[in-house]
Amino acid sequence: MKIFVLNCGSSSVKYKLYAMKNEEVLAEGQVERIGQDNAVISHQSRGKEKVLKTMSILEHTVAIKESLRLVTHPEHGIIASTDEIDAVGHRVVHGGESFSDSVLIDERIKQILDSLASLAPLHNPANVLGIRAAEKIMPKTPQVAVFDTAFHASIPPHAYLYAIPYSVYQRHKIRRYGFHGTSHKYVTQRAAEMMGRDLRELKIISCHLGNGGSITAVKQGRSVDTSMGFTPLEGLVMGTRSGDIDPGAIFYLMEQEDLNLFEIDSMLNKHSGLYGVAGVSDMRDIENGIREGDKLCQIAFDLYEYRIRKYIGAYTAAMDGVDAIVFTAGIGENVPLVRKAICSKLGFLGVKIDPEKNEKRSVDLELSTPDSRVKVFTVATDEEVIIARDTAKIL
Amino acid sequence: MEIRKVAVLGAGRLGRGIAECAAHKGYDVILFSQGARGQDALRRIERSLDRKLAKWAITEPEKRLILGKISYTLDLKELSKVDLVVEATIDQFYTKQELLRTADHLCRPDVVFITTSSTLKVSDLARVISRNDSLVGLHFIPPVPSVPVVEMTTAYNTSSAAIETAKHFASRLGKKVLTIQESPGLVNPRSLMILVNEAAWMLSEGVADVRTVETIIKESWGMRQGPLEIADRLGLDLVLNWMTQLQAEFGDRYAPCPLLRLYVREKRLGLKTRLGFFAYTEDDVLVFEEEQEQED
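Residue numbers (our numbering), protein chains in the order written: chain A, 6 to 400; chain B, 35 to 330.
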């Protein structure tokens with residue numbers, strides 16, 4: 006069985022073609038700058054040379070057509086025709102309360118997806134655009150939607166509700182949805198595999214630390230709480246997002262600086278986080294700053310690390326214990342300094358990591374020592390394989 | 035046709051606002067102006083973006099991206115390269131007629147024209163060009179980047195394709211498009227002129243000082259700016275021009291208050307001369323007179 010996985014953003018399309026027998030990636034690539042004359046396509050089929058080209062691509066249908074043309078290309082491709090593709094799996098960021106699992110897409114599902122656009126205005130419309138474009142090109146091939154929010158559908162009401170008037174929740178569905186679900190699902194499954202234990206008997210805290218970041222408490226394979234909320238703004242300190250902040254401070258600030266909704270939204274999403282404190286949003290720049298004695302970089306790092314640690318403590322309490330902590334995504338996989346800072350202060354939980362192993366980057370590895378009561382892992386996340394697996398499961 | 039390059043004719047406050055807004059939404063913009071003000075249009079747009087940056091609305095890279103999408107030229111031949119034309123010059127029929135005819139001659143035949151005129155009828159302007167079914171009236175209200183509505187008018191023969199193009203453009207700029215019948219002054223300027231004129235009369239009659247009149251109107255109706263500040267920012271010469279045209283159309287209820295005529299005669303034109311009903315700093319911030327005196 007061959008599954009084509011599509012991840013459509015507002016101006017980009019990423020794709021992977023899987024042979025599901027061994028979950029092998031047959032081809033992968035991406036199209037960037039859709040809507041411009043100088044869109045860039047990079048493509049690579051297994052065992053073949055990488056193709057890189059620039060061309061005018063004005064919309065998603067053309068981008069997907071072009072990616073399929075490369076996948077079936079006699080020289081650069083890997084399959085003879087798109088008929089060999091059994092299904093297309095789409096990443097959809099927000100499933101609202103309507104979807105607690107992946108679904109086969111039909112007309113009714115598309116209508117629901119359209120109605121969810123206001124919950125994720127930057128992502129969902131692009132995801133739906135990708136679905137419509139793929140249908141147009143492959144009308145007979147089944148299309149499956151895999152939601153970032155679905156993994157968090159198991160969170161209980163006491164963790165997903167905010168203590169605001171219940172009628173507001175009912176009217177506007179304001180509640181914790183959580184994000185990065187596909188990543189948290191993958192890395193916790195992988196950690197259980199690496200422990201040689203059944204996921205259903207484990208309590209795992211998964212730390213997805215990229216430019217955006219979230220932490221999830223996974224008990225018996227199910228998400229029971231997560232740090233991102235109604236939007237991806239809640240929770241950890243991120244590259245440019247504030248994470249948790251007293252809502253009262255927002256009202257005060259709007260009054261003091263005469264800011265409107267758009268301005269305060271932009272301030273908290275684009276001017277805050279590491280960038281807001283230290284003036285740089287990339288963790289590599291923060292590390293360099295610390296080495297050079299920059300005080301604000303040190304403060305930003307401390308804030309970042311402390312917030313993560315606080316959530317780990319909270320989720321340990323929420324699950325009444327923890328068996329493993331997993332680090333993933335850009336920072337989680339590649340910044341030993343962050344893992345060290347967090348783990349060295351979790352001695353009360355019985356966390357001990359091997360300093361040498363902690364220096365490794367971008368590999369699936371156990372970092373904890375044999376006598377560590379809580380196991381610590383770094384896992385390279387793979388959201389696409391989860392989308393492919395879910396798609397195959399639904400067929 | 036996919037619209038990517040937009041021409042904005044006129045680099046006044048309205049034209050600059052439309053250019054900034056369109057560039058922010060990803061359009062490539064060519065700003066045309068033959069007046070002296072055109073020269074510093076880009077600098078003024080940059081200042082407007084700096085104010086947004088100071089209020090966190092955009093980031094430094096976004097500011098650079100927006101500025102990079104706007105170019106300024108005096109050369110109308112560049113019109114042959116654009117996909118949409120937005121005419122935003124002063125509301126004088128012959129000025130607009132000349133400009134629209136030139137653009138009509140230079141642009142590809144499938145290019146839709148938008149006029150921002152508020153006192154001239156789209157039908158009258160459409161008559162002067164060969165693509166008379168492709169002119170749509172979209173009245174953007176300054177400050178364009180922050181006012182969420184536009185008033186749309188069409189001529190009797192405007193094509194549905196042209197209307198759709200104009201609506202799509204305005205929607206992409208984040209504006210709610212409200213369609214009204216062709217009528218000089220539309221809804222916004224026509225109602226505003228009454229308010230400004232009445233406020234000016236109250237000042238002339240000594241009902242209250244300028245700050246009191248403005249504060250009562252502004253705060254009792256929850257306006258972000260009062261009518262006199264709006265008038266100052268529009269330019270009192272423009273306000274007088276509108277009122278005169280509305281008087282010709284609707285009679286003496288639009289007869290400009292003598293105080294307004296006096297200010298225009300004295301070149302006390304509002305923001306552009308730093309003094310109108312109120313005074314303004316170089317950064318376009320309103321200063322009440324007593325504050326100014328204290329500073330002096």
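Source of the hints: derived by calculation from the structure; they are not laboratory data.
The C-beta atom is built at its ideal place from N, Cα and C for all residues, glycine as well.
Do not rely on the hints blindly, as some may be mistaken.
A short, non-exhaustive set of chain B residues, derived as facing chain A with CB atoms under 7 angstroms [unchecked claim]:
| id | residue |
| --- | --- |
| 1 | 90 |
| 2 | 91 |
| 3 | 94 |
| 4 | 213 |
| 5 | 301 |
Quick list of the computed label-pair ranges, beta carbon to beta carbon [claimed, not checked]:
| id | chain 1 | residue 1 | chain 2 | residue 2 | range |
| --- | --- | --- | --- | --- | --- |
| 6 | B | 144 | A | 249 | 30 to 36 angstroms |
| 7 | A | 45 | B | 85 | 51 to 57 angstroms |
| 8 | A | 168 | B | 317 | 40 to 46 angstroms |
| 9 | B | 240 | A | 304 | 57 to 63 angstroms |
Against the structure, the hints:
1. 90: OK, holds: residue 90 of chain B within 7 angstroms of chain A, min 4 angstroms.
2. 91: 5 angstroms, holds
3. 94: 10 angstroms, violated
4. 213: 24 angstroms, violated
5. 301: 31 angstroms, violated
6. B:144 <-> A:249: 30 to 36 angstroms: 52 angstroms, violated
7. A:45 <-> B:85: 51 to 57 angstroms: The hinted range 51 to 57 angstroms is violated for residue 45 of chain A and residue 85 of chain B, with Cβ atoms some 34 angstroms apart.
8. A:168 <-> B:317: 40 to 46 angstroms: 43 angstroms, holds
9. B:240 <-> A:304: 57 to 63 angstroms: 58 angstroms, holds
Checked against the numbered hints above, the structure violates hints 3, 4, 5, 6 and 7; every other hint is satisfied.
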